[in-house]
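Starting from the structure of chain A, add chain B where the hints point.
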Amino acid sequence: MGIFDVAFLVSAVTIAAPILLAATGELVSERAGVLNVGLEGVMLTGAFGGYLVMWGTGSLVLGFLGGMIAGLLFGAIMALLSIEAKVDQIVSGIALTLLGYGLTAFLNERFLVPSRTFEPLPRLAIPLLSDIPVIGPVLFHQDVFIYATAILLVLVVLALSRTTWGINLKAVGESPISADAAGVGVRGMRWAAVLFSGLCAGAAGAYLSIGDVGVFREGMTGGRGYLAIAAVLFGGWRMAGLGIAAMIFAVADATQLRLQAIGVIPREVWVAATILVVLGMVLGRMRRGGGARWLASGRPTGIEVAGLALVVVLSALVLISPSITLPVSLWLGMPYLLALVALGTEGKRRHRAPTALAIPYLRSEV
Amino acid sequence: MSNRTDSTVVRPPALRLRGVTKRFGAFTANDRVDLDINRGEIHALLGENGAGKTTLMRIVTGLYQPDEGEMRLDDETTRFRKPEHALRAGIGMVHQHFTLVPTLTELQNLAMRPARFPWRNATADVRRRSEQIAATTGLRIDPDRLVADASIGERQRLEIVKLLCRGARILIFDEPSAALSPGEWDELAALMRKLAAEGHAIVLISHKLTEVFAVADRFTVLRAGAVVGTGLVADVTSDELVTMMVGGLVTERPARAPIEPGPPVLSIRGLAVARDPLDPKSPPALSGIDLEVRAGEILGIAGVAGSGQNELVEAVMGIRPALSGRIELDGEPFEDRTPRRFYESGGALIPEDRHHVAIVSGMTLWENVTMRALRRPPLSRRGILNVSAARAETRRLMTEFDIRADTEKTPIGRLSGGNQQKAVLAREFSDHPALLIAVQPVRGLDVRATDFVYRQLSEHRARGGAVLLISMDLDEIIAMSDRIAVLAHGRITGVVDADDATRTRIGALMTSAEDTPCS
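Those protein sequence lines, which keep their order, are chains A and B. When we follow the numbering used here, the leftmost residue of the first sequence carries the number 47, and every step to the right adds one. When we follow the numbering used here, the leftmost residue of the second sequence carries the number 83, and every step to the right adds one.
The shape of chain A in the complex, shown without the other chains (with noise of 0.2 Å):
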């Protein structure tokens, strides 16, 4: 039996949108300046705002409303705190994940009893396009929370490479200064900005509760907001790569989910993990070393030596395929170590951070 079916990429999908969506507007909100590091505790409201609403309405538009609305006080507060006030944006963003996950959870013991539990989002099947095999169900028979998560990367990335908005919020992230003096609003750009990645993170917490699941739990988020925090950074605060990193973990995700499920690692996951790290060692090479000079070109880095070192145990892992059965607890941070992985390759790609990132804007310095 295979691992890497179409269901797998079915909900390895599910998984990366409501990351994918809570990193595009935190990209939007990074390239205005602004490091929302509170992007789990808004996206954890969300989910609660959602699962609110709809506990108490029955409507999934409603719901999806609450937690986008939920978002929108939480990202109100985090321009509150770093556009007004300039507290710095780390302290600010670590204050406000521990206040959504304190309220929600007070809020959802103290009010929400019994819980109730909702049929997830329905899949519509997109005609003619849906009957592409693997494509068609992985891609074009998914519910309306993808769709949309689709179409508003399509605006976004639009937006920013195509429009004076585009211009301008980059200008604000980069140089400050230079926006201002241009007569470009700073604090209106970052307010705006901000506001559109609390909205984000909102949706993408009430996809988790109430789109995917159905209900809530307490810090059922689990992380996914600092995931979508490294996909941007490990995307290199661009949407190209940001969409990439967002599969990579929701892949990883997905895996784990399955090899919970299965107990006993299959051979397949030993091969697939060597072609990933060989992939990888190739892309980061040539990444560094630019055409195709690369494979000829310099000593390997001592990041390279570790990662010929790792395709050769999983090479032997391969062969021998030894029947290991791992914790659940070690599978659920496999995200997270992959995460971990790739931020430690963020050296590289600190240049491409916007220069004016967690800067609070003062006129007088101009």
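Please keep in mind that the hints were generated in silico from the structure rather than gathered at the bench. Here a beta-carbon is modelled for each residue, glycine too, at the ideal position from N, C-alpha and C. It cannot be assumed that every hint is accurate.
Stated by the list, open to error - Examples of chain B residues toward chain A, derived with CB under 8 Å: (1) Leu145; (2) Pro165; (3) Glu166; (4) His177; (5) Gln178; (6) Thr181; (7) Val183; (8) Ala193; (9) Arg195; (10) Ala197; (11) Ala204; (12) Val294; (13) Phe295.
Using the frame of chain A, we list chain B on its own:
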């Protein structure tokens, strides 16, 4: 320039300030300033640092609101609450530190603006507009190049195009020549004349009187926030202007007494440095550098910004690895370079970036001044600091170097730029270094502080010390140096004796790309 008198008579001034006053707490930055800027003229705004020029221009461009007074634009009272309002009204400023986004293209920088329909793409319109400007003024930009790849002169041109694109009719230039080569300055001066002839009003803020006399029609001098003089440039002498600016307190720059130079203190042979310190294969930032600085000598390094000056300093200091080359410091081979060993071997440095490299602005004056001495006796013994001795030492240096601060416990960031630089000098000279590397040591300083720094450099030379003076200001290099080495594109294109140095000769070497062997 004949339209100068006509325009003042026929038309009201483009910009008229009457009694503009701005206070920050108890401090009056602008005190009842009257100023008339006419169309078609270049108006020089002069004054020492802290005289209120910047504050005044920030009021004019809408960054600050005046506490009192009136601003009339084309004879209509105006008040700008935001910079955007000033831009709309046609007032634009070319800041000393450019307000461009380096990661965007030149065209995108022009398109960066508040728009009525921000979801539209305005770049096509802006491209057309920039082509019109190129046709009328000759200011050509490279629309699809990243600003990060443009030279300083090209960036300045883009700033001007940006303002013209926005319809600016009053253009304010804040020390525009600071980073330009002499050739680029000549181009800018011609452009300013041309814009003025087309009916723009130009305000030139400058420290350099040669520039004022070269282009300006009228001048206004500010001192302590108030106007102390205004008139036609043709009617004043340079001495009169300086007297107005500093209030009759100028001392002559010390004459360069001839000194027989001693043995070499710093000798560099065949130094090559890669542009990217992590990648030895990247194109060289410096190649084949041979230099010698002797005791009792000031060697000036002339060159356009970005010719390899930073790399040279960092390589000598040991911050940046060298690909090849040998360095000797104070007669000893100086290999395995680190900044610490540089200081221990008799080196000292006045860095270019005072705020970030030379001082730690949040720490106190005494901590900054004794920063390096704190590592060894008598200020520390077995890792224990003698704070009272360090503070006493600082108080002594405060009198010796005329550092004006309330106490030695004042955070250095609160001192004026001149006093900060004096504190840096105090720290660097207190080690009695053999070699002092000074990078743009008077940048942003007023006349008095500049004079103090020059005097210290000359005294160091007279004591038999060596100075490596790096500056983009050619006048400074020519006035201070015994010999001048010209750095262009990472190579020494020539070494000239100060007595034979002229602006044209050095300017030619600065822009020459060919490799002339150095003497």
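**Report entry** Hint validity - Gln178(B) Cβ closer than 8 Å to any chain A Cβ
**Finding:** violated (11 Å)
Query raised in the report: Minimum Cβ distance from Phe295(B) to chain A below 8 Å?
Result: violated (30 Å)
Query raised in the report: Per the CB criterion, is Pro165(B) less than 8 Å away from chain A?
Result: holds (6 Å)
Query raised in the report: Measuring from the C-beta of Glu166(B) to each C-beta in chain A, is the shortest one below 8 Å?
Result: holds (3 Å)
Query raised in the report: Hey, does the Leu145(B) contact hint survive, CB to chain A under 8 Å?
Result: holds (6 Å)
Report task. Answer holds if the nearest beta-carbon of chain A is closer than 8 Å to that of Ala204(B); otherwise answer violated. Result -> holds (5 Å)
Requested in this report: Answer holds if the nearest beta-carbon of chain A is closer than 8 Å to that of Ala193(B); otherwise answer violated.
Outcome: holds (5 Å)
Query raised in the report: Is the interface hint for Val294(B) satisfied, with its Cβ closer than 8 Å to some Cβ of chain A?
Result: Status violated, d = 25 Å.
Query raised in the report: For the hint on Thr181(B), does the least C-beta distance to chain A fall short of 8 Å?
Result: holds (4 Å)
Report task. For the hint on His177(B), just tell me whether its beta-carbon gets within less than 8 Å of chain A. Result -> Status holds, d = 7 Å.
Query raised in the report: If you take the shortest Cβ to Cβ gap from Arg195(B) to chain A, is it below 8 Å?
Result: Holds, about 5 Å.
Requested in this report: Let me know if the C-beta of Val183(B) comes in closer than 8 Å to any C-beta of chain A, holds or violated.
Outcome: holds (5 Å)
The structure does not agree with the numbered hints 5, 12, 13 stated previously, though it agrees with the rest.
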